[in-house]
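Undergrad: Residue numbers (our numbering), protein chains in the order written: chain A, 1 to 505; chain B, 1001 to 1531; chain C, 2001 to 2175; chain D, 3001 to 3641; chain E, 4001 to 4101.
Please keep in mind that the hints were generated in silico from the structure rather than gathered at the bench. The structure presented is a predicted model; accordingly, all values stated were derived computationally and were not measured. Honestly, I wouldn't trust all of these hints.
[To be verified] Only some residues are given here: those of chain A computed to face chain D with a beta carbon under 8 angstroms:
#1 163
#2 208
#3 209
#4 227
#5 229
#6 233
#7 292
#8 300
#9 307
#10 313
#11 428
#12 431
#13 432
#14 435
#15 439
From the three backbone atoms N, C-alpha and C, an ideal C-beta is built for every residue, glycine too.
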Amino acid sequence: MNEQLQLILPELVLSGGLCLLLLADLVFQRRRAWETGVFALGLLGVVAYLLLQRFEAAPADAFGGLLRVDHFGAVFQLSITAAAAVALFINLHQFRYPQDRGRIETQFLFLCATLGGFVLVGTQHLLMLYLGLEMLGLCSYALADVHKRDRAGAEAGMKYVVYGALSSGIMLYGISLLFGLGGASFQMTDIALGVNRALLEGHAVQVLLPTLLLLAGFLFKLALVPFHWWAPDVYQGTTTAIAGYLAVGSKLVALGALIRTLALIFATAVHGIESDPALIEVTTVASEFGASFGLVLAILAAVSMVWGNLAAIGQTHLRRLLAYSSIGHAGYLLASISLLNADGFHAASTYAIVYGVASLGAFAAVFAIAVRAGSEDLRDWSGLGWQYPLAAGSLVLFFASLIGLPPTAGFAGKWRLLAALWAGDRPGLALLLALLSVVSLFYYFRVIKELYLERREEALSPRVSRKLPWLAGFLVVACVATIALINLGWIDAPLRLATGDLTHG
Amino acid sequence: MGEHLLSAFVALPFVSALFVALLPKQSAAGQRFVAGTTMAAALAFLIGLVLGGFDTARGGLQFAESTAWIPSFHVNWALGLDGLALVLLLLSALIHFIAVIATPRDIAGSKGYYALLLLLFGGVNGVFLATDLFLFYVFWELMLIPMYFLIGIWGGEQRKRAAGKFILFTLFGSVLMLVGLVAVYLRSGAEGVAPTFDIYALQSQAASWMTDSGGMFGMDFSSWIFLLFFLAFAVKIPVVPFHTWLPDAHVQAPTPVSVILAGVLLKLGAYGMLRVAFPFAPDAFADLAWLVATLGVINIVYGAWVALAQTDFKRLVAYSSISHMGFFLLGMAGVAVAADGAAHFEAGTRFNALAGASLQLITHGISAALMFLLVGAVYDRAHHRDLGRMGGLGRVMPRYFAIATVGFFSSLGLPLLAGFVPEALTLFGAWPAWPMHVVVTAFGLMLTAVYLLQAYRSVLLGRTPDACASFRDLDRRELSTMVPLVIASVTLGVAPFLVLDLMAETLRTILAGLPPDILPATSIEITEGLR
Amino acid sequence: MSGSEVAFAIFTALALGGALVALFERSVVRSAFAMFGTFMGVAGLYLTLGADFLAMTQVLIYAGGIMVLYLFGLMLTKPSRYERNLRRIGLGAALAGGLALILLVKLFGGMNGSVPGPDELPAPEPTAEAIGLAFLRADEWLFAFEFASVLLLATLVGAVYIARRRPEPRSEEAA
Amino acid sequence: MPTADFFPLLLAVPLLPLGAWLLQVLFGSRLPRGGDWLPTGAMLGAFVVAVLLFLRAWGLDDEYFVWSTSATGGGHGWKWLVSDPAFREGLAAFRAGLWYDAWTAPLLAMVAGVSFLVHLFSTGYMKGNSRYSAYFAGLALFSFAMLAMLVSDNLLFVFGFWEVMGLCSFLLIGHDSLDRDNPRPRAAAAAVKAFLTTRVGDVALLLGLAMLWNGFGTLQFHELQVAVPEMIERHQGWPQWLETAGLLVFLGAVGKSAQFPLHVWLPDAMEGPTPVSAMIHAATMVAAGVYLMARAFPVLAPGVLALVAVIGAFTAFFAATIALTQDDLKKVLAYSTISQLGYMIAAVGMGSPDGALFHVFTHGLFKAGLFLGAGAIIHACHHEQDLRLLGGLRKRMPLTYASMLLCTASISGVPFLSGFYSKDAILGFAADTWSQGAGPAAYLPLALLVLAAPLTALYMFRMFLLTFSGEARSEDAAQAKEVPMPMSVPLILLGLGAAVGSLLWIAQPHPTESGHTTATLLAGVSLVIGLGAALLFFQFKKASPARASAAFGPFTRAARGLYGVDHFYQAAIVVPSKLIGRACAGFDRRVVDGAVHGLGKLAIRAGEQLRRAQNGRIQSYIYLTYAGLLALTLFAVWRVS
Amino acid sequence: MGLEAYLFVSLLLFVIGLVMAAARRSLIYVLIGLELILNAANLNLVAFQRFHPESGLDGQIGAIFVIILAAAEAAIALAIVLNVFSRFGSIRPDDMNTLRD
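Input sequences plus hints: build the corresponding full structure.
TA: Okay, here's the thing in structure tokens:
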């Protein structure tokens, strides 16, 4: 029992912290949001530290296989921790204005969502996966709804919850079918055996259909076509902090879970040969199935890339623009996953990290400008680049990274994606991805154009005169990370190891 | 220090840019001084290398250095200098230095301006020196954003559109290059060896790709590589029909930026072709040389013809740039194919073609920069660029008249001025393989004379409109930007060996890396057809 | 027809009939009662599958808890006349029906072989105790159980948070 | 063999004016007298050196001597492209050297001399001009280019300097367009026309050079002289590409030497100041074309030569007919130049570069005299140059009269004057061609040249008599005075030169005895006819020129209209190319750029279409999701099964 | 009854749920439709477990968790719907379309 608890120390600490936060809420009557915020940030720091310890240990199952503690999960758990921290951070700045109340709950919900994310990406058990997804989802629904006290916030919350519940319902139906396929087991490894059996018996469709239904939940979280509809409306309707959290935190853990699911369920279907010589006869059938299924994913990816990037053109609301662009980026990620091999998973994980850094930075920078300009419509941002050099300058850098321009990490990430796609014999997808980068430049640079190239007659008198030193510090850190990460070698080894874990047992 | 000489050289502008960024906002003069000094120091350093240190008898890399940078992709921080790069670096340093001087002292937001200029300079230097393809690409893209802002912030009325167009076009080319990068990198590791980004290692591998049938969409691998890289660089050169960003960018950019754009940036596309596109796919290059030649001729003739109809002085010069860069392509097509030597004297045709193509980069850099300075000088006085509303400036501005004469006629290809040498070399070199193309090119030369003289006449000769009568002649600052270019133009025209001595061996090395297709000497057939 | 088949038929009719009525019935209240029938029907089906504890839970939580929640919801919101109409039901039926058809034809076509027939199954046993034990065993469902409690806590906080009356928006905050 | 100091001295000839030019450009306007003494002095120096060198060659027995750095030693020459002597790839192997032979010697002296005299004359003629020092700079550069061309030992450098001459002629013809007091926009147009028309030939010449280089690997005279026969022997005849190359070289000369059909620029070039015309017509520029033909003679195939002869002879006749109809003093001289150039070109075509250059030499002297004389008249008559308004200047300008008389007589072929000898030689070759050949290429040259000969005498004396004899027909003419000192000296010297210059030609051409006899006979008859007619019409007024021209009605009108060549070019080339340019620009903007913008718009439109689905209604999202899922499922099932 | 019968009933419930979520013009019925989907999944779970007698009680336990989740989801969703109702005065989904392109 003790070792079990040891294994899930980060989750435990997070849960404990949650309870403390709730207590604090009761004691302080919501008046000490700043202090509790700092506490929450510190808690996340401790959790991050504990997560880092996971890289030292060997992968292990915990709690009777409900949880899987391994490097791969830790990578994405760290990323959602970081996203939560940034979201809290932005939130704190927001919350320094007295008219806002009810803030400790927000912190609580962020932490709960993060815990859900931990479970989502840290399990090989489909029901736990569903529970984690719902935890993350329910907290996000609440967050999306509550924070903005206007119609837009309510509408965003409504859309998010209806759409989220629908897609998780569809996913659950898929899970229930896979449960049957795996001989009444939720364990992915059991399901993989069932999948192989079915494939060998020529029932490819019976594997395919539940898998597609299962995908629904992931597609929803990743905002991929055809489950992307919520993203622009919700991002626009909520606050920047939550939008950033949705765009990075929940997206990345969902990505991790998707990779894990695909890698495990189709492990033998795609590359189980090395691990189990007995399954060699499966190989032909399985690789055929893998190719077809990969093609389906590739098409989804292509449509998402195109959809997100094209629809982002002409957006003037910053968060809406970022929402569409995040649809496009999810498409890039899925493109790489669609290879269904270690290379593809690795590339997707790499790009996810790189995307996460730039995207969080972008949301923070958008916040920093918007909170002072009083608008998130880029048409109101004319010439502000000169007035807020740090925020605007770092926004340029993050956008450059999202476009994939050197010397930013986005370039190296995109390089990784292209290399995986090309090596995986999908040159068309590689070319499409490359060309869509040009399209993405179209809308990203529209913002930059507004910030720098338009001239403003008189300086804006900021609605919030207060400086945002902490945020500025974060922006600097994110900028440095965006540039430094061009050397992907820094994150390569753990990621390689992590995805290797997945695909080779 | 010794073995990191080039690193220091590449780092210099970036350090200066940082320094400029840290200077107080008000000290425009200080920022200008730092920028100017940096360029001058770079120029002095290069001249020092020419005078001693650089061994012109060697065709390969000198001062090469390499340090691991991103080991997981086998990316190295690898720099190296050869004759071609040295000459282009000299050009770039000179042009950038001139651009700093040509910048008005009271330019708004000077801090950002000079910092961006320095970043641009650093990027250019990096591209010329990088011997690692990944690094090459990084520097290549690094120039993008400074240029965007330089045009977009300090440009004319339509600057936003022009800047956007510039960056979209350029990025379009870049992403194709990126895909090409991926392809060659993966290919280089296909035979069980570690993949590499080393440009020269890739070049030497490229020979084995020729027989590679592992292509996609019905094209062999070599053709894929060639098309990807060729298109990537074609946008920068620019090759018709990817050229329409150039006139807009030129017209909107402030004079110093136009000078850099025409003087240096266009050359990068050509440099990329010489270093990457052609040597990586020598086979496809030889197969598709007809395309290169045809595009070159289209550039020359079409560019000239469009220039003929322009009424905007700067647009005209921009199209003349397009036209002139066609010679590079034509020359390269001459390199790709050697005519059968049976009937013809093997007159070093391919060397002529290559020397013409590469020298064109230098001479066009000089004359185009000069032309844009001349345009800028008129614009500063007249505040418009409409050729129809100018005239007789030769009367009111005698110094301008003298310098403009050199500029126009150098551009036109008058012997004893820089423009002639590469044109003649290119024609000599391309003739045996592409006689029909050369004939059409000759027609383009005619058109060049037509539009340039028309412009010359409208600007300098004829009646002086009242609005132009009070123009002051060139002042000392303007003279100091133009006179070096005039001297360079004349010197190169009279004694091209001053430049070719530096790169002759390098060119020979490049030639060795581009084995030609042996074609029957078509020029003979053509001439027989003519009778 | 054996007894179990009769039971199956009755519960199926209750579940599906309730669902269809709920879908098409214009009256809000009748519709809600039809849903009640559906949940009871499903609970009955659980019984035929030998899941006695689950059936109880279904009745208690679904019929007793969740449906009541929804009824409250219905009462707190004024149903307007539009709410009774169906929105493009044909389209919805076509799309969902298409999906169902594919699932039906492709999915269930070949599931027979791997599972035993209804007659070969062992008789069902009471499950309540086994389930209770499974919840508390560390190597079975303990973690999930605890996680669910945190989830409910979060839900509680979230729901309270949302439902709490807040001042009308001031349009000052931008982000 | 030349002595050691020979080549430095030879190099000094062009370098003196070059240095003067440089100083003039840099400091000219700040020097006293606008620095006119600088180029003039330099030209005097160059002339003296050229004469000294000429004297060294004069005494030689061998009139086919060649002193060249490349052929006879005296240094390695100028490694132009790459200085390393061991590096010999392509044009890097090319080296430029100096060349001096029996053709160069007198031509160099003549050009230097005439240039000097033009400079000297200009100090008077251009006095008070607003761009005085710029003018002299142009003149100096012009002289430099011609002299440098003459001492070059290879075709590439000949081409180079020839182009520089194009620039100088452009600047000098356009000189008056920038005059402060009296700007002449037409001068600018004429300058552009001159440059562009000759550019046609230049480009062709460059192509020709490209072919020659690729064929022989050399462009040096002496190497070509060896290589061409070898090539012919190996190929058993003239290779066809070589014929094409020769044709292209000839096209170059057609442009520069104003042969039909590229002659149109030369009359317009009269817009330049008159001394410049003297320079262009006598010493530089147009002579370059003939010089080139003579130097390139070894590479000209027989077929090309035949064409050359016909074109030359036709031009000689054609221009002469136009000259008859012109009323402008300078225009008459211009067409006479074209006509005389026709003689020279025809001489090359008939196989006698010697004869051609001999005529270049004598023509240089008397045409310079004529133009400077015309300049003196124009100067004296306050820029009146219409023949119908001149007259009676014999008494008022005796010196000019005497000089002009000598020159006119010389050009008309009056025996024992220099023009007689050179033209006699050409006609002699024409007669030889007639007798030795067959077909139109054989008899056309003689026929046309002989027709042109009396016309020459006629139009020249028409001009002369209308100017000098009779009464003054205008105020300006009536008040004319003899020109002052710096202008009169050149007139005297050139008059003398026109008379006896032929003696100085070293490599005398030698047609066959019979040809020579025929030629002398024909020339004599022609002169008598032409001179007689001129005297009848214009001196003794026994016949009315108006009636005579009416008799030739349509021909006269055609000749007055310059046979419509200019109009043809305007309609067939200038206007269409402008239209095509505009069309290209429109295509560029609408189609090429339009496609780019269209692509951008397409992306935007596509984005708009996609966003239309984003209508804010959650249930329509749900429907769309179902549709997407259904499509996906259908596709996947189809793929898998 | 065999497994297919249960699966078939479940499928029909699933489809009715899907249609309901898409077609009913009341947010509350949309949510009820979602409950139908969850019920369908639960029925599957239990049925599969029943027909794989060698397996444990995972299906039933999973179904219990799903019911718990359904309750939680209902709570949050209803809170949100009430919030929407207080802002828009309607629970008709189509009325909420201020966020759109």
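Undergrad: Does the CB of residue 233(A) sit less than 8 angstroms away from some CB of chain D?
TA: holds (7 angstroms)
Undergrad: Next item in the hint list is residue 428(A). Is there a CB on chain D closer than 8 angstroms to its CB?
TA: violated (16 angstroms)
Undergrad: Would you check whether residue 432(A) satisfies its interface hint, that is, whether its CB is within less than 8 angstroms of any CB in chain D?
TA: Not OK, violated: residue 432(A) not within 8 angstroms of chain D, min 14 angstroms.
Undergrad: Minimum Cβ distance from residue 227(A) to chain D below 8 angstroms?
TA: holds (6 angstroms)
Undergrad: Have a go at the residue 307(A) hint: is there a Cβ in chain D nearer than 8 angstroms to its own Cβ?
TA: holds (6 angstroms)
Undergrad: Quick one, is the residue 431(A) hint okay against chain D at 8 angstroms, beta carbons?
TA: Violated - the Cβ of residue 431(A) stays beyond 8 angstroms from chain D, reaching only about 16 angstroms at its closest.
Undergrad: Going by Cβ atoms only, is residue 439(A) closer than 8 angstroms to chain D?
TA: Status holds, d = 6 angstroms.
Undergrad: With 8 angstroms as the cut and Cβ atoms as the points, is residue 292(A) at the interface with chain D?
TA: Hint holds; residue 292(A) Cβ to chain D Cβ min 4 angstroms, cut 8 angstroms.
Undergrad: So, residue 208(A) near chain D? Judge it on the closest CB pair being under 8 angstroms.
TA: holds (5 angstroms)
Undergrad: Does the interface hint hold: is residue 435(A) within less than 8 angstroms of chain D, judged Cβ to Cβ?
TA: Not OK, violated: residue 435(A) not within 8 angstroms of chain D, min 11 angstroms.
Undergrad: Against chain D, run the beta carbon of residue 313(A) and see if the smallest gap drops under 8 angstroms.
TA: For residue 313(A), the interface hint holds, since the closest Cβ of chain D sits about 4 angstroms away, which is under 8 angstroms.
Undergrad: Close enough to count: is the Cβ of residue 163(A) nearer than 8 angstroms to one in chain D?
TA: Because about 7 angstroms separates residue 163(A) from the closest Cβ in chain D, which is inside the 8 angstroms limit, the hint holds.
When the structure is compared with the earlier hints, violations turn up for hints 11, 12, 13, 14 and for no others.
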